[in-house]
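*Asks:* Letter by letter, the chains look like this.
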Amino acid sequence: MTFTPTELEAEGAAGGEPTGDPASARPPRSGRRLARAFLRDRAAVACSAYILVVVLMALAAPLLVELSGHGPLEFDQAAVDSDLGGLPIGWGGGIGADHWFGVEPGNGRDIFARIVYGARVSMTIALLATALTSVLGVVFGLVAGYFGGRVDMVISRVMEFLMAFPALIFMIAVLSALPAENRQALLVVVISFFGWPYLARIVRGQTMTLKQREFVESAKASGASSAQIIFKEILPNLSSTIIVMTTLAVPGYVGTEAGLSFLGVGVVPPTPSWGQMIASSVPWYAVDPAYFLFPGAFLFLLVLSFTVLGDRIKKIAESGEARS
Amino acid sequence: MIRFLVNRLLGMAVVLLLVCLFTYVIFFVLSPDPAVQICGKNCTPEAIDRIRANLGLDEPFRTQFWTFLTGLFAGRAYGTGANAIECAAPCLGYSFQTSQPVTDMILQRLPVSATVAVGAAVLWLLAGVAAGLLSAVKEGRFADRFIAGLTLTGMSVPNYVLALSLQFLLVVTLGWLPFPQAVPFAEDPGQWFLNFLMPWTVLSIGAAAVYTRLTRANVIETLQENYVRTARAKGLSPGLVWRRHALRPALTPIVTIFGMDFAGLLGGALITETVFGLNGVGKLAADSITKNDQPVIMGVTLLAAFLVVVGNMVVDLLYTAIDPRVRVGSAT
Chain C
1 MTFTPTELEA
11 EGAAGGEPTG
21 DPASARPPRS
31 GRRLARAFLR
41 DRAAVACSAY
51 ILVVVLMALA
61 APLLVELSGH
71 GPLEFDQAAV
81 DSDLGGLPIG
91 WGGGIGADHW
101 FGVEPGNGRD
111 IFARIVYGAR
121 VSMTIALLAT
131 ALTSVLGVVF
141 GLVAGYFGGR
151 VDMVISRVME
161 FLMAFPALIF
171 MIAVLSALPA
181 ENRQALLVVV
191 ISFFGWPYLA
201 RIVRGQTMTL
211 KQREFVESAK
221 ASGASSAQII
231 FKEILPNLSS
241 TIIVMTTLAV
251 PGYVGTEAGL
261 SFLGVGVVPP
271 TPSWGQMIAS
281 SVPWYAVDPA
291 YFLFPGAFLF
301 LLVLSFTVLG
311 DRIKKIAESG
321 EARS
Chain P
1 MIRFLVNRLL
11 GMAVVLLLVC
21 LFTYVIFFVL
31 SPDPAVQICG
41 KNCTPEAIDR
51 IRANLGLDEP
61 FRTQFWTFLT
71 GLFAGRAYGT
81 GANAIECAAP
91 CLGYSFQTSQ
101 PVTDMILQRL
111 PVSATVAVGA
121 AVLWLLAGVA
131 AGLLSAVKEG
141 RFADRFIAGL
151 TLTGMSVPNY
161 VLALSLQFLL
171 VVTLGWLPFP
181 QAVPFAEDPG
191 QWFLNFLMPW
201 TVLSIGAAAV
211 YTRLTRANVI
221 ETLQENYVRT
231 ARAKGLSPGL
241 VWRRHALRPA
251 LTPIVTIFGM
261 DFAGLLGGAL
271 ITETVFGLNG
281 VGKLAADSIT
291 KNDQPVIMGV
301 TLLAAFLVVV
311 GNMVVDLLYT
321 AIDPRVRVGS
331 AT
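So the protein sequences, as listed, match chains C and P.
My numbering puts the first residue of the first sequence at 1, with every later residue one more than the last.
My numbering puts the first residue of the second sequence at 1, with every later residue one more than the last.
Take the hints with a grain of salt, since some may be wrong.
Said to hold, decoys possible - Stretch-level coverage of chain P by chain C, calculated; a stretch enters the list once three of its residues show a Cβ under 8 angstroms from a Cβ in chain C:
(1) 108-118
(2) 306-319
Stated by the list, open to error - Using C-beta positions, here's what the derived DEER-type ranges look like:
(3) Ser240/C / Val310/P: 49 to 59 angstroms
(4) Asp83/C / Gln181/P: 28 to 38 angstroms
(5) Thr124/C / Leu236/P: 24 to 34 angstroms
Unchecked claim - Covered, in the sense of this in silico footprint (three residues per stretch, anywhere, with C-beta under 8 angstroms from a C-beta of chain P), are these stretches of chain C:
(6) 133-141
(7) 298-306
Simulated from the structure, these hints should not be mistaken for laboratory data.
Glycine included, each C-beta is placed from N, C-alpha and C at the ideal position.
Could you put together the complete structure from these sequences and hints?
*Replies:* What follows is the structure, given as structure tokens:
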């Protein structure tokens, strides 16, 4: 699933898929056409809808919990059977009008509330990590590609070094060794620290070719400063690459956060996180499958949605580029 | 060629040195004092000082790191005089929990991890390339779309979710497979295969999906090349065109990423081994995280980094052997 460097490389080489519809075969031209091409794509719409649901769920978590009547940290001993080792009472892990998604075995915490609050953690960490990675990747990639020479050499070496690292193991090492008051911030920093080179490398390559183009030369000839050229001439031309790369990076970070929390070095209990919920469901999977199925399904669908969405955006961007 | 080799080896040595430095700083400088952790609850300042002296933590950083490095190559001794404990090379220190040498702990568990890793690698390589080829041949048709859906699913499913689902379905509900245990191959090859089947599948699924897409894209791109058209125009049989002209360039990039992915497997094995309870290096690391056993985590980290760096090196060398163009371009 996540964190393989090769995944993004494979993306870079993927071939286009011809569509039967003659109208969509014509490359979209304007923003409105792009939007229309996007809306006609049922998979992309479905994925966006699911992501929107998760985002709304995360935003409205306190409200939803108010509606369902149970907080994420609230124990409910009445919902579990203490004679059976704390197994939830009722079908499907205690699903019912009271607990919509059932309860955790043992202490009877409401799974719906924990899923809703877990969505907050997943989305916050994944989106912040994506934002930080993009900033780092774009800045370093631009600087390396534009200035070249020694600056490029230093940045490229650092990138090679970071990419040669077994990122997951090092994230675990860093997270398990460092004491942190604010785990979530540390997670964002650590994920971004190992993530930026994959974007920076591509930005660097594109900057190097863009630098040779006539419009940059003419800007230079008319006396524009380096900063003006970078931000006004080069950066706008990189926007589609950056959008595609960042969309493709989000599912990786959602998975990484969940994986790290699963291994016990991510978000600290009692703050709920999907990965952590799945980890604590491992001893119960045989007797209470609903306990891992709920967070597992939410997590899988979120990663899948971002992956499909990134894939589609990439294809639309590519067909848009092909015309110019 | 020799200059290239020497350059690569030097580069590898530098990266490994930096990895060691990085790891050491994380575990012995940035983390909370290890001596306090070993000491436990009933601790006196004198006891902490004694432990620090035994571990060599009272030395300046440069000396500490040097002792650590020489320990990796030539072994080292903890403590002084009669109490000294000899730690043979490659010395990774002693576990805080069990007081066993970390090197031994890792070596004991390596066979299980190797079995899981090699099996998974074989599986994803075969499945990925086969599915990718099929997809490329049937481009745009049902088989291609079906495989595309499968690869998206395979790329997205977190391996612990897949592991739990498979276990629930195949072991608990249907009873088709045994609960995975590390059965030695020599004892019962059939059981060995059945027991490792699920861990292999889970560990390989993500990579198999990526390889499928990569193979498909590469083959489709190669088939559009001019030289393939020329070969066809010359009247070569389709089979010959595929074997001689299309497959080789299409599959070369697979070698590169295969080496890197295989070397990086330890990270994935961490989760897979933990979920299935297989006693390999990955589970050792995961257990050490919960017990806060820093020397063991550090040992596994170094091993993983070593594998990745060496793996990259081997891939580079293989690549020069397979693709002559790289040799010319490597003069930089």
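*Asks:* Given the range 49 to 59 angstroms, decide if the beta-carbon distance of Ser240/C to Val310/P lies inside it.
*Replies:* For Ser240/C and Val310/P the Cβ distance comes to about 38 angstroms; the hint is violated.
*Asks:* Mind taking a look at whether chain C covers the stretch 108-118 of chain P? Criterion is 3 or more residues with CB to CB distance under 8 angstroms.
*Replies:* violated (count 0)
*Asks:* Given the hint of 24 to 34 angstroms, check if Thr124/C and Leu236/P actually sit that far apart at their C-beta atoms.
*Replies:* 57 angstroms, violated
*Asks:* Can the stretch 298-306 of chain C be counted as covered by chain P under the rule of three residues or more with Cβ-Cβ separation shorter than 8 angstroms?
*Replies:* holds (count 4)
*Asks:* Test coverage of the stretch 306-319 of chain P by chain C using CB-CB distances below 8 angstroms; three residues minimum.
*Replies:* holds (count 4)
*Asks:* Can you tell me whether the CB distance of Asp83/C to Gln181/P sits inside 28 to 38 angstroms?
*Replies:* 31 angstroms, holds
*Asks:* Quick one: see if chain P covers the stretch 133-141 of chain C, three-plus residues with Cβ-Cβ under 8 angstroms.
*Replies:* Since 0 is below three, the answer is violated.
Going through the hint list in order, the structure does not satisfy hints 1, 3, 5 and 6.
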